[in-house]
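Using the hints, position chain W against chain H.
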Amino acid sequence: MKDILSLLKLQKTLLINSVRFVSKTEKIRNLFISFIAIIFFISVYIISYQVIFYISTLPVIGSLFTIRILGIAFLSSFAMLIFSSLTVSLSTLYNTEDLQFLYSLPIGHSCIFIFKFLFVLLYSCWMIIILLLPFVLAFASVKKLSIANFIIIIFAIGLKILIAISIGCLIAIILSYLFPTKQLKNIVLVFLIILTAMGYTLFRVAEPEKLLNVDHFSELVQYLDFMSKPVAQGIPSWWVTEVFRGFMIKHTDVVVVNILKLFFVTTIVLIVLKIFGEKLFYLTIFRRINVISKKKKEKEKKEYKGIRIRSLFITIFIKEVKLLLREPMQWVQFIVVIFLTIVYLFNIRKLPIQYEYVRITVAFFNLGGIMFILSAIVLRFVFVQPSLEYKMFWLVKSLPVNIKKFFLTKFFVYLPIVLIPGMIIVSISNVIIGTNNTMVVISFLVIFLSCIVLTISGYSLGILFPKKEYRDIAQIETSFGGLLFLVLSLCYIVLLLTSLAGPVKSYVLTRTFGRIELWLHILLFLTINFIYAFTTGYYALKKFIKEYA
Amino acid sequence: MNCIEIKNVYKNFDNKEVLKDICFNILTGEIFVLLGPNGAGKTTTVKIISGVLEPDQGEVYIFNKKMSVSSIELKQIIGYLPDEPYIYNKLTGEEFIEFIMGVYKKSVDIKKYEFFLEQFDLKDVVKKPIEIYSKGMKQKLLLINIFLREPEIYIFDEPMIGLDPKSISFFKQYIKKLSNEGKTIILSTHILDLAEQLANKIAIINNGKILLCETQTELKNKFKNQTLEEIFLFVINK
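First to last, the sequence lines map onto chains H and W. Yeah, the first sequence ends on 549 if you go by my numbering, and it's all consecutive. Yeah, the second sequence ends on 238 if you go by my numbering, and it's all consecutive.
With the rest of the complex left out, here is chain H (with noise of 0.2 Å):
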């Protein structure tokens, strides 16, 4: 005990430095996030008091509705809290760089894995907790639930924390020991990625706002029997919706047997973790030693056959698409906004869009959302590159290599990647929405135009604000400057549609664009488009050949 207290004391001393010994420029991106989180924090509470305060006003189904709610919304972020614990597990676990230095130290291997956990604790919750806190204060402020009642909640999601950490935990000590592999984390999260956006596809095409319809079913008895059913009864997830549904219904017993149930299963799942869990974890450590040292057989050897000499263009295209199809977490970023696509063109073709006028907006406001599209694959794709790269930035400093060549090169070899999807989504977009020709060549031209413009800014944004340490890909997107390219995407696209929005509603209502007018429009566009390509183009270039040149 007194071992993990002094391991927690040097983190909390980390910590501490960690702020304490910042810049400038760092304080002011860390209150920047800090601003982001609170207005997400108190946006997700308003939205969530304004649906669940209507929703509970609906007669009959009110409040079974809520209940089923609450229930889903537990019963989601208990998957997603085991799956958090089963990746990070695997790094955290595993793969840190800390691991040799713990085990130099004089202390047990028990005070090792206690550590351990309790990091896996903290990065696998934090996020669910930023989601699912507001929400629950949003329930609890609508159902008008008094602080004790509120506390007790609280408690109760903890332990429904602690079970599923701990069995994602447990998963992966288990999968760890199964297939001793460097790759297996990779392997797991790619799985767990390619299954969450399969899961939301489907669900999406099911088309659940049919449950909200009572004509979907041929009784209403067999409506409310299907609504009063629980969520998956027998996972913990459904105990703290009942410990909710109990204080509603004032029924403290309800409370107290799942609040009791909850206790028994965090107990059992400890007790497993901590003698199962932590043996195979030290049998796992070592095992992985002697796997790593066994030397492979070797493979045929192909004889060298020297190289051809290219275009530094293609030199680096090369390089460039060879390191990203290595990059399993960026392939399969591929794979998750095809579905998100996928989920996103099934939207527009479940919209009423009979009459023509209803197309010409639609195919409109359409640009915006592939906007916004192209904008999450910048973030993934263009933007992360820099600081991918940014420790190698000595072997570009050292080639004989124009700079701005070079700078220009990579915007060059990232452009098809955010080109090629736009064109596809706003081609096959434009057909199931039937919009006429004009509109389709509008679209196309507003499309090119943005590809090239969030290409540029993207790349730029990752070099004025380069992550330079980071666990993983999702680090560098979640980064100051990731967000400052979200944040300033969507004020470009809303500036951008808001500039178009006038000649569009003038050929909605009359087919004309309106001459005088139009030209002010197109200026208004193209300057948005320029000064935003243009001032994180020149800035960057400028960072680039002082900083990495």
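Among the clues, some could well be false.
[Said to hold, decoys possible] Below, computed lysine to any residue pairings styled on SDA-like, alpha-carbon distance capped at 20 Å:
hint, chain 1, residue 1, chain 2, residue 2
1, H, Lys-404, W, Ser-70
2, W, Lys-90, H, Ala-474
3, W, Lys-127, H, Ile-545
4, H, Lys-391, H, Leu-324
5, W, Lys-105, H, Asn-402
6, W, Lys-106, H, Arg-310
7, H, Lys-405, W, Gln-76
8, H, Lys-322, W, Ser-71
9, H, Lys-322, W, Asn-89
10, W, Lys-90, H, Asn-402
11, H, Lys-468, W, Asn-89
12, H, Lys-404, W, Tyr-104
13, H, Lys-391, W, Lys-66
14, W, Lys-90, H, Trp-394
15, W, Lys-66, H, Ile-545
16, H, Lys-468, W, Ser-71
17, W, Lys-106, H, Ile-318
18, H, Lys-546, W, Asp-14
19, W, Lys-105, H, Leu-324
20, H, Lys-24, W, Lys-16
21, W, Lys-90, H, Lys-405
22, W, Lys-90, H, Ile-403
23, H, Lys-391, W, Glu-131
24, W, Lys-66, H, Ile-403
25, W, Lys-128, H, Leu-324
26, H, Lys-546, W, Glu-95
27, W, Lys-138, H, Trp-394
[Said to hold, decoys possible] Restraint-style ranges between C-beta atoms, simulated for each label pair:
hint, chain 1, residue 1, chain 2, residue 2, range
28, H, Ile-4, W, Glu-152, 34 to 42 Å
29, W, Asp-109, H, Phe-346, 54 to 62 Å
30, W, Glu-131, H, Thr-478, 45 to 53 Å
31, W, Glu-131, H, Val-272, 50 to 58 Å
[To be verified] Footprint (simulated), chain W over chain H, 3 or more residues, beta carbon under 8 Å:
hint, stretch
32, 124-133
33, 320-327
Derived from the structure by calculation, the hints contain no laboratory data. The beta carbon of each residue, even a glycine, is placed where N, CA and C say it ideally should be.
Same frame as chain H, but now just chain W:
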């Protein structure tokens, strides 16, 4: 003939003077060793010579041409090995060599390529991703890269870190051979034995200042046959 001329170079980082009035010349074909304790300014000096970093004041001339970060022509004739060899982990050793040779627009001499792989024991791993390489293996891969390119000037920052005895021995022999062929070599190190065995000229740097810059013969005469370790400690403590 002067190959490299460094004139009154100053460099600051975060308001801290890292280099103060650095001046020295290196002749063509010379093995020049920059000696100094940790944090003395060795890495910053070699980075400025390589064109990786710009000095705040002063100039660096290579074959009478001013060196800067944008001197593409001069970078063509320099082979630079950094002290921290971060390279693209997802490329294989062979692909990395191809990438660099591609940028330098040079073809690979297959015989030499295989000879170096043999000497540095990288034959078995060259087709594998760099992420499985140890620090020493990465260092060897970068050395092969530089040797294959056959530049006029070789700049090595702490080249021995992570190298095994066989590779160290080969490295020393090859450096001497290159020097005999008229190539200029700069070694930044704190290993005194290496300096004693290889150097024609030695410069000692401490707190960003060059304290001494002499040929080995001049040093021996000046310090009456004291060992390099004794000379180094004497100069640093002074």
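Evaluation of the provided hints:
no.	hint	result
1	Lys-404/H x Ser-70/W	holds (10 Å)
2	Lys-90/W x Ala-474/H	holds (18 Å)
3	Lys-127/W x Ile-545/H	violated (34 Å)
4	Lys-391/H x Leu-324/H	holds (17 Å)
5	Lys-105/W x Asn-402/H	holds (14 Å)
6	Lys-106/W x Arg-310/H	holds (10 Å)
7	Lys-405/H x Gln-76/W	holds (16 Å)
8	Lys-322/H x Ser-71/W	violated (29 Å)
9	Lys-322/H x Asn-89/W	holds (11 Å)
10	Lys-90/W x Asn-402/H	violated (25 Å)
11	Lys-468/H x Asn-89/W	holds (16 Å)
12	Lys-404/H x Tyr-104/W	holds (17 Å)
13	Lys-391/H x Lys-66/W	violated (27 Å)
14	Lys-90/W x Trp-394/H	holds (17 Å)
15	Lys-66/W x Ile-545/H	holds (18 Å)
16	Lys-468/H x Ser-71/W	violated (27 Å)
17	Lys-106/W x Ile-318/H	holds (17 Å)
18	Lys-546/H x Asp-14/W	holds (15 Å)
19	Lys-105/W x Leu-324/H	violated (24 Å)
20	Lys-24/H x Lys-16/W	holds (18 Å)
21	Lys-90/W x Lys-405/H	violated (24 Å)
22	Lys-90/W x Ile-403/H	violated (24 Å)
23	Lys-391/H x Glu-131/W	holds (14 Å)
24	Lys-66/W x Ile-403/H	holds (18 Å)
25	Lys-128/W x Leu-324/H	holds (17 Å)
26	Lys-546/H x Glu-95/W	violated (29 Å)
27	Lys-138/W x Trp-394/H	holds (15 Å)
28	Ile-4/H x Glu-152/W: 34 to 42 Å	violated (59 Å)
29	Asp-109/W x Phe-346/H: 54 to 62 Å	holds (57 Å)
30	Glu-131/W x Thr-478/H: 45 to 53 Å	violated (24 Å)
31	Glu-131/W x Val-272/H: 50 to 58 Å	violated (35 Å)
32	124-133	violated (count 0)
33	320-327	holds (count 4)
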